[in-house]
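2 protein chains.
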Amino acid sequence: MKKTFLLAAATLFSAYVQAASDSLTIHRISDDIMLNGTCYNSLRTLCKTIGHRISGSPQAAKAVIWGQKAMEDAGADRVWLQAVDVPKWVRGKESLKLPLGPNNSFISVPMLSLGNSEGTKGKVLKADIIMVNNFDEFKNLTEAEVQGKIVFFNYRFRQDWVNTFAGYGDAVKYRWASPSIAAAKSAAGVIIRSISTGADDVPHTGSMHYSDTTKKIPEVAIGNQTADKLEEACHSRKEVTAVLQSECHMDGTAPSYNVIGEIKGSEHPEEIVVFGGHLDSWDVGEGAHDDGAGCVQSIEVIRTLKALGIHPKRTIRAVLFMNEENGTRGGAAYADSALKNKEKTILALETDAGGFSPRGFGTEGMKPNQKMKIQGYAPLFLPYGIYDFSKDEGGADISFLGKQGVPMMGLLPDPQRYFDYHHTNADVFEQVNHRELKLGAVAMTSMVYLISEYGL
Amino acid sequence: MKKTFLLAAATLFSAYVQAASDSLTIHRISDDIMLNGTCYNSLRTLCKTIGHRISGSPQAAKAVIWGQKAMEDAGADRVWLQAVDVPKWVRGKESLKLPLGPNNSFISVPMLSLGNSEGTKGKVLKADIIMVNNFDEFKNLTEAEVQGKIVFFNYRFRQDWVNTFAGYGDAVKYRWASPSIAAAKSAAGVIIRSISTGADDVPHTGSMHYSDTTKKIPEVAIGNQTADKLEEACHSRKEVTAVLQSECHMDGTAPSYNVIGEIKGSEHPEEIVVFGGHLDSWDVGEGAHDDGAGCVQSIEVIRTLKALGIHPKRTIRAVLFMNEENGTRGGAAYADSALKNKEKTILALETDAGGFSPRGFGTEGMKPNQKMKIQGYAPLFLPYGIYDFSKDEGGADISFLGKQGVPMMGLLPDPQRYFDYHHTNADVFEQVNHRELKLGAVAMTSMVYLISEYGL
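As you go down the protein sequences, you meet chains P and F in turn. Each residue of the first sequence is one higher than the one before, counting from 1 in my numbering. Each residue of the second sequence is one higher than the one before, counting from 1 in my numbering.
Check before you lean on any hint, since a few could be wrong.
Any copy will do: because identical chains look the same in the list, a pair fits if it lies in one copy or spans two.
[Said to hold, decoys possible] Result set (DSBU-like, lysine-lysine): computed pairs, CA atoms no more than 35 Å apart in a straight line:
{"no.": "1", "residue 1": "371", "residue 2": "391"}
{"no.": "2", "residue 1": "391", "residue 2": "373"}
{"no.": "3", "residue 1": "371", "residue 2": "215"}
{"no.": "4", "residue 1": "229", "residue 2": "69"}
{"no.": "5", "residue 1": "185", "residue 2": "121"}
{"no.": "6", "residue 1": "3", "residue 2": "139"}
{"no.": "7", "residue 1": "340", "residue 2": "88"}
Worth flagging that the hints you see were computed from the coordinates, not collected in a lab.
Produce the complete structure using the sequences and hints provided.
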């Protein structure tokens with residue numbers, strides 16, 4: 001009895017000492033990043049000297065070189081490029097004119113073709129608009145009603161939902177699937193209300209998809225304010241016409257790279273903790289929140305551990321994935337390579353939800369005991385405003401590792417502003433706050449440290 | 001035994017039903033504000049048609065009229081103005097020239113005189129600068145070293161501290177007390193590094209104070225980037241001179257008002273829940289986060305309860321306090337009136353920390369059982385990202401009620417960005433996110449509802 005008690009007390013004491021030590025390590029990580037972190041200046045360089053960087057573009061190629069150098073400067077033991085062929089989509093010129101000017105005159109409105117879509121080959125497409133609020137309303141239309149028209153899918157982002165990522169998941173099907181659904185009834189094109197929380201007129205691009213069986217008709221997005229006006233016009237007028245002209249098209253594939261940097265584990269080098277964001281962006285704005293933030297935070301993990309002389313027990317590997325936006329070929333190539341090389345990836349952690357104040361970590365594909373282990377770390381993160389370990393969330397790039405059975409995690413920043421900027425010309429460096437970005441890096445570094453120290 | 005069990009079960013069941021019902025009510029509050037809330041547009045009006053509004057200014061007078069109308073539009077049962085005399089401080093013209101140009105030439109730098117300070121009466125004050133990093137360093141200087149000089153207090157905001165309000169509390173004494181401390185050794189003036197988290201060159205104003213026994217010397221703030229350059233110059237050069245010219249001065253008092261709107265309680269009208277923000281701002285920017293946000297959120301509480309047909313059991317009263325920034329005369333006048341009228345204020349809740357995502361509520365001056373009751377509500381707020389009920393925090397305006405023994409609370413938004421904008425020309429409407437602002441209103445409305453429903 002006495003022995004058992006002493007043993008229990010010793011175990012408890014040791015757990016207490018460990019937690020106290022981890023708490024101090026995380027404190028050191030936080031202090032170093034908040035005072036000496038380079039992620040904010042690094043993001044400025046990426047955004048202001050390279051800018052947006054869609055897969056296959058010259059800017060994406062420059063970003064690869066930038067990433068490689070940044071990993072080296074951070075002090076990674078080894079930095080390498082992993083070849084990956086990426087689809088190339090080219091926007092070209094585009095315009096949408098709607099009769100929303102004085103006396104219903106036609107005016108050019110802010111618009112963006114959706115990524116991967118085909119345009120009008122530069123020709124003028126003039127057609128009447130038919131508006132529906134959702135797919136159910138569209139189902140009730142006959143082919144005769146739709147034929148030759150431009151369908152306006154006027155679905156609204158659920159602003160009443162507190163978690164904007166749930167709202168995005170709900171609304172994004174209109175971006176993804178509308179053209180094929182409309183083409184099945186012989187529509188000539190599609191306009192969607194942007195997948196946007198913005199109280200503004202900023203159009204949002206993002207990837208779409210054609211089914212194999214339907215015609216590839218153009219799809220463009222308009223901002224919320226233009227959508228409101230178009231909605232009003234569709235309600236109040238007998239006929240509303242649109243004039244669309246666009247050149248966007250797929251242009252084969254191009255060679256590109258994932259950028260990888262690692263620190264070899266001191267005790268279990270064969271066990272690998274993978275973490276990262278994606279290096280490509282859409283061809284608008286500067287890809288600051290999506291996902292320059294995730295890239296510079298991942299590089300900061302390496303810099304911080306090196307700067308503090310913390311040698312991880314397991315190998316930690318930062319990956320800047322290429323082509324998350326319109327193909328996820330980088331994520332697929334990384335997972336293929338890991339399988340081929342029989343690597344033992346113990347966890348994959350993605351940061352691709354913006355450089356906002358971190359509020360939690362999602363988990364996905366974990367065994368209950370693994371999830372419990374992660375959730376057991378929650379008290380260590382509370383002083384940094386990180387409290388939510390309840391959500392089921394991994395990431396698009398790491399989902400290919402997930403399919404191989406690798407447990408996944410995703411950094412969860414405050415989600416309120418992300419879908420104001422996501423995939424737009426407004427996603428620029430100025431919209432990223434230095435302290436919020438750095439706190440995200442603190443979260444990433446601390447979690448990578450814990451997993452590398454204790455495994456999963 | 002069986003009876004006791006049944007009684008306990010019935011009590012538990014009733015508590016469960018109550019919590020479920022509160023959860024639904026808060027859900028309704030959230031949905032209504034996120035979809036129909038007027039606080040964001042209301043803030044736009046305040047910021048863009050009135051702008052900054054220092055106590056005693058024509059803009060502050062306009063803001064009173066705006067607030068009165070906004071309370072009426074929100075549906076308050078009764079709206080009234082409460083007279084309060086406020087100190088009037090006038091900035092006038094001001095400039096600071098430092099030898100930070102090419103070949104050490106003098107250039108005008110971004111600067112702001114501190115609120116309530118006296119300037120140079122429009123005359124040129126040219127004097128050598130002596131730099132210290134903190135009060136301890138200043139203590140080691142002799143009067144001969146300081147006499148006739150401008151003291152540069154180069155104290156840095158603690159960027160390593162995660163809670164910026166702690167950092168503010170730590171640094172603000174340099175703004176508040178430096179002139180009197182420097183004047184005691186016959187300094188001619190004071191320059192401070194702004195009390196700022198900004199990675200920029202924006203100067204921050206804010207109130208300062210003269211002791212009764214020392215000369216009233218001028219105090220000005222410079223942005224972090226200019227402060228870095230000045231620091232470098234003071235380190236590397238034998239002599240660094242400043243040229244200051246300013247007209248700021250106190251200009252007596254002026255009549256003004258608190259704006260008050262209430263809904264009478266249906267069951268305990270004599271018990272009053274007071275909540276609010278402050279209507280005045282500094283004479284720069286638009287006072288958007290500080291504290292236009294708190295004003296429109298408080299008005300939103302009234303609008304929402306009325307719109308949803310929720311009749312509070314206790315009287316709820318929104319107060320837009322005047323003169324928080326440089327005198328807190330509005331808060332004092334309100335508390336005086338409450339005492340004189342023998343009002344029974346059961347709680348005072350302030351929102352004056354910016355229109356950012358809400359993360360918690362602070363409590364102050366509460367009995368343990370009251371604090372436990374408030375903390376018991378925490379699970380109801382978790383779905384809205386509000387998790388922190390641990391901090392000791394009330395508010396400046398309600399502190400006068402606190403001195404009378406009234407329990408206090410403060411809304412705690414995410415604190416990372418606040419001190420980038422606080423008291424600056426950058427505190428404008430564009431820096432407020434509509435969803436973050438509205439979520440703060442959801443938090444306020446829900447807490448006011450719970451207190452009005454169950455008392456304290």
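Hints the structure violates: just list their numbers, smallest first.
3, 6
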